[in-house]
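Note that the protein sequences, when read in sequence, are chains A and B. Using the numbering used here, the first residue of the first sequence is number 1486, and each one after it goes up by one. Using the numbering used here, the first residue of the second sequence is number 1486, and each one after it goes up by one.
FYI, nobody ran anything at the bench for these hints, they're computed from the structure. Fair warning: there could be bad hints in the mix.
Intra- or inter-copy, both count: the list cannot distinguish identical chains.
In the DSS-like style, the derived pairs of lysine-lysine whose C-alpha atoms are separated by at most 27 angstroms in a straight line are [to be verified]:
{"#": "1", "residue 1": "K1659", "residue 2": "K1701"}
{"#": "2", "residue 1": "K1698", "residue 2": "K1659"}
{"#": "3", "residue 1": "K1676", "residue 2": "K1659"}
{"#": "4", "residue 1": "K1578", "residue 2": "K1718"}
{"#": "5", "residue 1": "K1659", "residue 2": "K1697"}
{"#": "6", "residue 1": "K1654", "residue 2": "K1676"}
{"#": "7", "residue 1": "K1488", "residue 2": "K1634"}
{"#": "8", "residue 1": "K1634", "residue 2": "K1599"}
Number of protein chains: 2
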Amino acid sequence: MEKKLTVDVCLSPYLYPVHHRDDTIVVVIDILRATSAMCTAFHYGVDKMIPVATVEEATEYKNQGFMVGAERNGVALDGFDFGNSPFSYMTDKIKGQTIVISTTNGTQAIEAAKDAYQVVIGAFTNISALCDYLIAQNRSVLLLCSGWKNRFNWEDSMFAGAVTNRLLKAGMHKTGDASLAMAFLYDQSQKNQIKFLRNSSHAERLASLGLKKDIKYCFQLDQTSIIPVLKGKYLVKLS
Amino acid sequence: MEKKLTVDVCLSPYLYPVHHRDDTIVVVIDILRATSAMCTAFHYGVDKMIPVATVEEATEYKNQGFMVGAERNGVALDGFDFGNSPFSYMTDKIKGQTIVISTTNGTQAIEAAKDAYQVVIGAFTNISALCDYLIAQNRSVLLLCSGWKNRFNWEDSMFAGAVTNRLLKAGMHKTGDASLAMAFLYDQSQKNQIKFLRNSSHAERLASLGLKKDIKYCFQLDQTSIIPVLKGKYLVKLS
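Please build the complete structure, drawing on both the sequences and the hints.
Structure follows, in structure tokens:
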């Protein structure tokens, strides 16, 4: 019998234990801005990234001499080299380097899923490469939204809907209502994305911090064909 | 300063700890079919209901001589008096009685929220009475979707969206993106509800069990003005 390949959507890292299966590829999603920034960093030549959940771990790595990105609540933390803005990683100084990164939501989601069959990093900026890869694997997929402090968020869920649509079109099957609802939500929101972004709580938060340029960048499709993948404690370029 | 009243949506009982606040009224939602059935039972004169999470508890009450409703995965369990169908409660024999009920999802959500400031029962069948009550309380509201085995489900989320729309119109404020997204989802789905219900996983499940009549009933607005409310271990009629 042919294997039935499914696409499932998990709307919060807190729900990960409910959605976990041993055999799925997990796509970690934090559009504003961790996974977008990670894709950018690899595009600009970073060799490895070490995602860590806590500021304490980030500080420890900093003290060991690593370059470290650390962000909480939309703000880059003092004493570190980067925050969470993709633009901060558009620099030659990261080329060939190993960079540590800790963010409010995205690195927590990676931590939650670290024992999955495979963990890859998704963003609008690598969406086509990501979907092509997922479709080629002949394996079920779980789209894991980082959300906002374990709550549902708009932009991660929309991205999950966008990917779901592409995977369903390629012959995969939805499992559960979240994939159905997010795919529908994405289609509908496309008709008026700007209006909805204005209402999304984290876009509001970032706009109030003067980061509209970041928001715009993070919604641009296909800025890179690189897919970061978790290997042990490292994110590396999928080859 | 005037108190800012919020409406929040929790998409799974598993997420309840993330959304819990000490001061909110929690609306438990299990459209197909637990909370719809509870509203029906009270409309048909039941005096009290005892929601229990496990079949073991339900069996214990049955052995003590109580009338008991017990359902798992859409099917009424053998050896009990009722399942989860609203139609099974449309009978004179429940008048003035205390009935125990245990279902796949709804009674688990009640269990999760039992220590909230107040727990009330919501369904399309009591939506207007429910919203009028909530608007009159001058208190923030959390809409708790029972979902399907801790996953997001379509019909509970749509109901949360419908209630959110009404509460926002009455001057309450959304908090977080789930309320925004579900309100939008409800509006959009209204344009083609039948098509979407066909795609919803639990509607599919019930239809395959020959329960289309139940589905139709559970989506009818305002069949009753009764709001069940949790008092200790009992659901009683809000007075």
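Here is what the structure says about each hint:
no.: 1; hint: K1659 with K1701; result: between (30 angstroms within a copy, 24 angstroms between copies)
no.: 2; hint: K1698 with K1659; result: between (34 angstroms within a copy, 26 angstroms between copies)
no.: 3; hint: K1676 with K1659; result: both (23 angstroms within a copy, 22 angstroms between copies)
no.: 4; hint: K1578 with K1718; result: within (22 angstroms within a copy, 63 angstroms between copies)
no.: 5; hint: K1659 with K1697; result: between (34 angstroms within a copy, 22 angstroms between copies)
no.: 6; hint: K1654 with K1676; result: both (20 angstroms within a copy, 23 angstroms between copies)
no.: 7; hint: K1488 with K1634; result: between (35 angstroms within a copy, 24 angstroms between copies)
no.: 8; hint: K1634 with K1599; result: both (18 angstroms within a copy, 23 angstroms between copies)
Every hint from the earlier list agrees with this structure, and none is contradicted.
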